[in-house]
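Put the complex together from the two separate chains, hints included.
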Amino acid sequence: DAGITQSPRHKVTETGTPVTLRCHQTENHRYMYWYRQDPGHGLRLIHYSYGVKDTDKGEVSDGYSVSRSKTEDFLLTLESATSSQTSVYFCAIRETATYEQYFGPGTRLTVT
Amino acid sequence: LAKTTQPISMDSYEGQEVNITCSHNNIATNDYITWYQQFPSQGPRFIIQGYKTKVTNEVASLFIPADRKSSTLSLPRVSLSDTAVYYCLVGDLQGAQKLVFGQGTRLTINP
Numbered sequence: 011d012a013g014i015t016q017s018p019r020h021k022v023t024e025t026g027t028p029v030t031l032r033c034h035q036t037e038n039h040r041y042m043y044w045y046r047q048d049p050g051h052g053l054r055l056i057h058y059s060y061g062v063k064d065t066d067k068g069e070v071s072d073g074y075s076v077s078r079s080k081t082e083d084f085l086l087t088l089e090s091a092t093s094s095q096t097s098v099y100f101c102a103i104r105e106t107a108t109y110e111q112y113f114g115p116g117t118r119l120t121v122t
Numbered sequence: 013l014a015k016t017t018q019p020i021s022m023d024s025y026e027g028q029e030v031n032i033t034c035s036h037n038n039i040a041t042n043d044y045i046t047w048y049q050q051f052p053s054q055g056p057r058f059i060i061q062g063y064k065t066k067v068t069n070e071v072a073s074l075f076i077p078a079d080r081k082s083s084t085l086s087l088p089r090v091s092l093s094d095t096a097v098y099y100c101l102v103g104d105l106q107g108a109q110k111l112v113f114g115q116g117t118r119l120t121i122n123p
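Line by line, the protein sequences are chains V and F. Per the working numbering, the very first residue in the first sequence carries number 11; after that it's consecutive. Per the working numbering, the very first residue in the second sequence carries number 13; after that it's consecutive.
The following block holds chain F by itself, in its conformation from the complex (with noise of 0.2 Å):
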C-alpha cells in the first residue's frame, strides 16, 4: 500500500480557496486516490476520489498531476463547517481495499 505524507496542519480564513497537497511517491498503477473528511466525534465521510488529472463535484476539486505521485484536494471558498482532518489514502479500489489512513491534515477555519 502506498503512504501517503500531508502536512500536519492548516490554517485559513472564511471565503478562501484551500488546497491541501498529499504525496505518494511509490503509488501504483493501479492505485486510485481518495480523500475523506472527518469531524471530531464522527467517521470519516468521502469527500472525492480519482485517478488522473481532475475531478470535480459538489464539494471539491481533486488535482493529480500526469506522474501521479502527489494530489491536491483544492476546497473552494471555505467556510467555519469545514474545520476537520483530511485524509489522503491511495489504494487500489478492486478486492478487499484495505485502507491506510495516515494521520491527516487538521484544517482549522477562522472568521
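Same shape as in the complex, but just chain V (with noise of 0.2 Å):
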C-alpha cells in the first residue's frame, strides 16, 4: 500500500459545511494526488502536489482547495460542500524509482 492512509474513511456532511480530507504517506514521495470517482466514472484528478507548498490543479478542482505544508501530508478541503462533491476521494502518490502511481484506500463523502 506503499504507506498511504486516508482519513476520515467515511463522511457524511451537510451541503454548505467545510470539510478537510486527509492524506497521509510514510515514504517521502515528492507528488501525491487527489482523485474523486463517481459511478460509471474513471478517476478525475482534482489537484496534485510536486513539493511542500508546490501544488496545481487537475481537470476538476472547482470547488476545491488542497495544501501541503509538510511532505507526508497532503490536505483537501472542500471550503462549502455541495451535493455534487458526493463521491468517493482517492489520494495517490507517485513512486520516484519506478513512475508507478499507488493509491490510498479512499475516503466515502456524503453531501446532504
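These are computed hints drawn from the structure, not numbers from a lab. Hints should not be assumed to be uniformly reliable.
Covered stretches of chain V (in silico footprint by chain F; criterion: 3 or more residues with CB under 8 Å from a CB of chain F, positions within the stretch not fixed) [claimed, not checked]:
1. 19–27
2. 60–72
3. 75–86
4. 101–110
Residues from chain V that keep clear of chain F, each with C-beta distances beyond 10 Å, as calculated [to be verified]:
5. G13
6. T30
7. L31
8. R32
9. H34
10. T36
11. E37
12. N38
13. E89
14. S90
15. T92
16. S93
17. S94
18. Q95
19. T96
Virtual Cβ for every residue (Gly too), placed ideally from N, Cα, C.
Next up, the structure:
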C-alpha cells in the first residue's frame, strides 16, 4: 500500500459545511494526488502536489483547495460542500524510481 | 494528454486468455502506456507499463505495435479474481505525470 492512509474513511456532511480530507504517506514521496471517482466514471484528477507548498490544479478543481505544509501530508478541502461533491476520494503518491502511482484506500464522502 | 478508447465491458471464462485492446491514436513521442486494475471499493493498482514492443511481468503482458497507436493488455489463464475494471492510460512519465483515467473496461470472468 506504499504507506498511504486516508482519513476519515467515511464522512456524511451537510451542504454548505467545510470538509477537510487528509492523505498521509510515510515514504517521503515527492508527488501526491487527489482524485474523485463517481459511479460509471473513471478517476478524475482534482489537484496534485510536486513538493511542500507546491500544488497545481487538475481537471476538476473547482470547489476544492489543497495544502501541503509538510511532505507526508496532503489535505483536500471543500470550502462549502455541495451535493455534487458526493463521491469517493482517492489519494495517490507517485513512486520515484518506477513512476507507478499507488493509491490510498479512499474516503467515501456524502453531502446531504 | 493522449486520449484513450477501450471497450466498456468484456466477458470471459476461467482459464482463458483475455486480451483488452486500447486505442490511443494521438500518442506523443515521450508517452508511455500504463495499465491499472481496480476492484470495487479499492483504489486502482498498477499492472504493467511499456513504451514499445512487448513487456511481460508476473501478472500480464503488454503488446505495443510499431506505430504505438494501440496497445493490448493480455491476461493469461484468468480466474474469477481477475474480475475488475481495467484502465489504459497514456502519458509522459516525467514531471507531475497527471494521469487521465477513461471509463475503463469492466472485465467479468465467469466460472
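Nearest-CB test (10 Å) between chain F and R32 (chain V): Given a closest Cβ separation of 16 Å, the condition holds.
Interface-negative label, E37 (chain V) against chain F, beta-carbon threshold 10 Å: Answer for E37 (chain V): holds, closest chain F Cβ roughly 15 Å.
Assertion that E89 (chain V) lies outside the chain F interface [Cβ separation over 10 Å]: Check passes; 23 Å lies beyond 10 Å.
Beyond 10 Å from each Cβ of chain F, as asserted for S93 (chain V): It holds; S93 (chain V) is separated from chain F by about 21 Å at its closest Cβ, greater than 10 Å.
Non-interface claim for H34 (chain V) versus chain F (Cβ beyond 10 Å): holds, 15 Å
Interface exclusion of T92 (chain V) relative to chain F, criterion Cβ beyond 10 Å: Since the minimum Cβ distance to chain F is about 23 Å, T92 (chain V) lies beyond 10 Å and the statement holds.
Non-interface claim for T96 (chain V), where every Cβ of chain F lies beyond 10 Å: holds, 16 Å
Cβ separation check - Q95 (chain V) to all of chain F, threshold 10 Å: Given a closest Cβ separation of 18 Å, the condition holds.
Outside-interface status for N38 (chain V) - nearest CB in chain F farther than 10 Å: holds, 17 Å
Least C-beta distance from T36 (chain V) to chain F larger than 10 Å: T36 (chain V) clear of chain F: closest Cβ-Cβ about 16 Å, beyond 10 Å.
Assertion that chain F covers the region 19–27 of chain V - criterion: three or more residues, beta-carbon distance below 8 Å: This one is violated; 0 residues, fewer than the three required, reach chain F with a Cβ under 8 Å.
Minimum Cβ-Cβ distance from T30 (chain V) to chain F exceeds 10 Å: holds, 20 Å
Violated hints for the displayed structure, listed by number in ascending order: 1 and 3.
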